[in-house]
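**Q** Numbering (the working numbering), first residue to last: 16 to 147.
Simulated from the structure, these hints should not be mistaken for laboratory data.
From the three backbone atoms N, C-alpha and C, an ideal C-beta is built for every residue, glycine too.
It is possible that some hints are incorrect.
Derived pair list, reagent style SDA-like, types lysine to any residue, alpha-carbon separation capped at 25 Å [claimed, not checked]: (1) LYS108 x LYS58; (2) LYS71 x LYS108; (3) LYS71 x GLU104; (4) LYS71 x TYR35; (5) LYS60 x GLU140; (6) LYS58 x HIS100; (7) LYS43 x ALA56; (8) LYS144 x GLU87; (9) LYS28 x LYS144; (10) LYS124 x ALA56; (11) LYS58 x LYS41; (12) LYS71 x SER112.
Between beta-carbon pairs, the in silico distance windows are [unchecked claim]: (13) ASN89 x ASN121: 30 to 36 Å; (14) SER79 x GLU131: 22 to 28 Å; (15) VAL42 x LYS144: 24 to 30 Å; (16) GLU87 x LYS45: 16 to 22 Å; (17) GLU137 x LYS43: 16 to 22 Å; (18) GLY111 x GLN88: 34 to 40 Å.
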Amino acid sequence: MMLFMLLFSRQGKLRLQKWYMAYPDKVKKKITRELVTTILARKPKMCSFLEWKDCKIVYKRYASLYFCCAIEQNDNELLTLEIIHRYVELLDKYFGSVCELDIIFNFEKAYFILDELLIGGEIQETSKKKCA
Numbered sequence: 016m017m018l019f020m021l022l023f024s025r026q027g028k029l030r031l032q033k034w035y036m037a038y039p040d041k042v043k044k045k046i047t048r049e050l051v052t053t054i055l056a057r058k059p060k061m062c063s064f065l066e067w068k069d070c071k072i073v074y075k076r077y078a079s080l081y082f083c084c085a086i087e088q089n090d091n092e093l094l095t096l097e098i099i100h101r102y103v104e105l106l107d108k109y110f111g112s113v114c115e116l117d118i119i120f121n122f123e124k125a126y127f128i129l130d131e132l133l134i135g136g137e138i139q140e141t142s143k144k145k146c147a
């Protein structure tokens, strides 16, 4: 199960966040700060998977945005990478070559598309036609 998903820019600005586990706000801010600094410090050729605390982090950079997911230890990293890619495909389909500004000004639609794809941290709908 996915624990949370974060979208942030190369400058470290958080653009979207979706939490599938209950965390206090203070902990959410700490997690976000730690992950953003850790991922931004990594070199582009490094692996997109991290062991972090009691979970695994899977991230992928598309243009100027990083898509970062935390999953449980027994979950499949490659499947999570495909979920990230499917979400980007859905955003591209809706916005027509999505960019950071689309997410900033239309964050409600970006959240809606994410909610159509994932419910409770599990993949819900695999069809691109039904999601966007």
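**Q** Hints first: check each against the structure and report whether it holds.
**A** Checked hints:
This hinted pair does not check out: LYS108 and LYS58 have alpha carbons roughly 29 Å apart, beyond 25 Å. Among the hinted pairs, LYS71 with LYS108 is inconsistent with the structure: their alpha-carbon atoms are about 29 Å apart, more than 25 Å. The hinted pair formed by LYS71 and GLU104 meets the criterion: a straight-line CA distance of about 23 Å does not exceed 25 Å. Distance check on the hinted pair: LYS71 and TYR35 sit about 15 Å apart at the alpha-carbon level, within 25 Å; holds.
Taking the CA atoms of LYS60 and GLU140, the gap is about 31 Å. The hint is violated against a cut of 25 Å. This hinted pair checks out: LYS58 and HIS100 have alpha carbons roughly 20 Å apart, not beyond 25 Å. Only pairs whose Cα atoms come within 25 Å are accepted, and LYS43 paired with ALA56 is accepted, the gap being roughly 20 Å. Taken as a hint, the LYS144 and GLU87 pair is broken in the structure, with Cα atoms around 29 Å apart against an allowance of 25 Å.
The straight-line distance between the Cα atoms of LYS28 and LYS144 is roughly 31 Å, outside the 25 Å bound, and the hint therefore fails. Proximity of LYS124 to ALA56 is assessed by CA-CA distance (about 30 Å); at most 25 Å being required, the pair is judged violated. For the proposed pair LYS58 and LYS41, the alpha carbon gap of about 28 Å is over 25 Å, so the pair is violated. For a cut-off of 25 Å, the pair hint linking LYS71 to SER112 is broken: about 29 Å separates their Cα positions.
Restraint check, ASN89 to ASN121: a C-beta distance of roughly 35 Å satisfies the suggested window 30 to 36 Å. Between SER79 and GLU131 the C-beta distance comes to about 24 Å, which sits within the given range of 22 to 28 Å. A C-beta distance of roughly 38 Å is found between VAL42 and LYS144, which places it outside the suggested range of 24 to 30 Å. A hinted range of 16 to 22 Å for the beta carbons of GLU87 and LYS45 is consistent with their spacing of about 20 Å.
Roughly 21 Å separates the CB atoms of GLU137 and LYS43, a value that falls within the hinted 16 to 22 Å. Range check, GLY111 to GLN88: about 38 Å between beta-carbon atoms, so the 34 to 40 Å window is met.
In this structure, the hints that do not hold are numbers 1, 2, 5, 8, 9, 10, 11, 12, 15, in rising order.
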